[in-house]
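Heads up: the sequence shown begins at 11 in the numbering used here, then just goes up one per residue.
If you are wondering where the hints come from, they were derived from the structure by calculation, not from laboratory data.
Check before you lean on any hint, since a few could be wrong.
Per label pair, the in silico range of CB-to-CB distance [what the hints assert, rightly or not]: (1) Ala128 <-> Gln59: 32 to 42 angstroms; (2) Ala128 <-> Arg80: 30 to 40 angstroms; (3) Glu16 <-> Arg80: 14 to 24 angstroms; (4) Glu131 <-> Glu82: 29 to 39 angstroms; (5) Gln109 <-> Gly81: 16 to 26 angstroms; (6) Ala39 <-> Ile112: 32 to 42 angstroms; (7) Ser32 <-> Lys108: 30 to 40 angstroms; (8) Ser40 <-> Lys108: 21 to 31 angstroms; (9) Glu74 <-> Phe132: 14 to 24 angstroms; (10) Phe132 <-> Gly110: 15 to 25 angstroms; (11) Glu74 <-> Leu13: 37 to 47 angstroms; (12) Leu73 <-> Lys114: 26 to 36 angstroms; (13) Gly81 <-> Glu129: 36 to 46 angstroms; (14) Leu13 <-> Gly116: 16 to 26 angstroms.
Subject to a maximum C-alpha distance of 20 angstroms in a straight line, what follows is the list of computed EDC-like cross-link-like pairs (lysine to aspartate or glutamate) [stated by the list, open to error]: (15) Lys41 <-> Asp70; (16) Lys41 <-> Glu16; (17) Lys108 <-> Glu16; (18) Lys154 <-> Asp53; (19) Lys24 <-> Glu161; (20) Lys154 <-> Asp70; (21) Lys115 <-> Glu131; (22) Lys114 <-> Glu16; (23) Lys14 <-> Asp84.
Note that CB positions come from ideal geometry on N, CA and C, so glycine has one too.
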Amino acid sequence: MPLKWENLAFQPDKALSEHILSTWEWLLASKDVRPFLCSVVGDCFLANQDGKVLRLCCTDGTLEIVSNSRGEFDDLCREFAQDVELWFLPDLVLQAHKQGKIAKKGQCYQFIILPIFAECEFHADNLGVVPASELYTMLSDVHKQLKDLPEGAEVQLKLID
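Turn these sequences into a full structure, and let the hints steer you where they fit.
Here you go:
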């Protein structure tokens, strides 16, 4: 069962774009960026005024420049460069599909045990499907609270409805 790009990524609508910018404002505040692509595993790609493409890695709460232009970014994606494997996790998405976990429009895969924890496994058994807006909110909340902790610090998560 081959995957198509629409199984790996989607263009955020205006509401989701604004939601991402507002929930991740603590990290994006000084940047003038606009989301243009989201991976179904939760990363968001943004373009800045200089045309550079930045990756908001929601699994570890970081922001990095991944290409100098949209054209260069598109070339990387077409070539399916090594970084693209990391950004879109096609093997993991394929595992999820084989288990019947298929993210539909407006949805993403969420790790049950987040990749920032040593216990995380990159396996479809550790994935659920959630609305994209919920994923971006939850991951932003977690990373905002953990951003100043040292590597390896012990944390306790308290889930509240």
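Here is what the structure says about each hint:
Ala128 and Gln59 have their C-beta atoms about 38 angstroms apart, which keeps the hinted 32 to 42 angstroms range intact. The given range of 30 to 40 angstroms is respected by Ala128 and Arg80, whose C-beta atoms sit roughly 36 angstroms from each other. Taking 14 to 24 angstroms as the suggested C-beta distance range, the pair Glu16 and Arg80 conforms, at roughly 19 angstroms. In this structure, Glu131 and Glu82 meet the distance hint of 29 to 39 angstroms, their C-beta atoms being roughly 33 angstroms apart.
Roughly 36 angstroms separates the CB atoms of Gln109 and Gly81, a value that falls outside the hinted 16 to 26 angstroms. Checked against the given bound of 32 to 42 angstroms, the beta carbons of Ala39 and Ile112, roughly 35 angstroms apart, stay inside it. Taking 30 to 40 angstroms as the suggested C-beta distance range, the pair Ser32 and Lys108 conforms, at roughly 35 angstroms. Checked against the hint of 21 to 31 angstroms, the C-beta distance between Ser40 and Lys108 comes to roughly 42 angstroms, which is inconsistent with it.
Between Glu74 and Phe132 the beta carbons are some 20 angstroms apart, a value that agrees with the proposed interval 14 to 24 angstroms. Between Phe132 and Gly110 the CB atoms are about 19 angstroms apart, so this pair conforms to the stated range of 15 to 25 angstroms. Checked against the given bound of 37 to 47 angstroms, the beta carbons of Glu74 and Leu13, roughly 25 angstroms apart, lie outside it. Between Leu73 and Lys114 the Cβ separation comes to about 27 angstroms, which falls inside the hinted range of 26 to 36 angstroms.
Taking 36 to 46 angstroms as the suggested C-beta distance range, the pair Gly81 and Glu129 conforms, at roughly 40 angstroms. At about 18 angstroms, the CB distance of Leu13 to Gly116 agrees with the hint of 16 to 26 angstroms. For the proposed pair Lys41 and Asp70, the alpha carbon gap of about 18 angstroms is at most 20 angstroms, so the pair holds. Of the supplied pair hints, the one linking Lys41 and Glu16 is violated, its CA atoms being roughly 28 angstroms apart against a limit of 20 angstroms.
About 16 angstroms separates the Cα atoms of Lys108 and Glu16, which keeps this hinted pair within 20 angstroms; it holds. Proposed proximity of Lys154 and Asp53 is supported: the alpha carbons are some 16 angstroms apart, at most 20 angstroms. Proximity of Lys24 to Glu161 is assessed by CA-CA distance (about 35 angstroms); at most 20 angstroms being required, the pair is judged violated. A threshold of 20 angstroms between alpha carbons decides the hint, and for Lys154 with Asp70 the separation of about 11 angstroms falls inside it, so the pair holds.
Of the pairs offered as hints, the one joining Lys115 and Glu131 is violated, with about 25 angstroms between alpha carbons and a cut-off of 20 angstroms exceeded. Our distance criterion of 20 angstroms between C-alpha atoms is met by Lys114 and Glu16, whose separation comes to about 10 angstroms. With a C-alpha separation of about 15 angstroms, the suggested pair Lys14 and Asp84 falls inside the 20 angstroms cut-off, and the hint holds.
Hint violations for this structure: numbers 5, 8, 11, 16, 19 and 21, all remaining hints satisfied.
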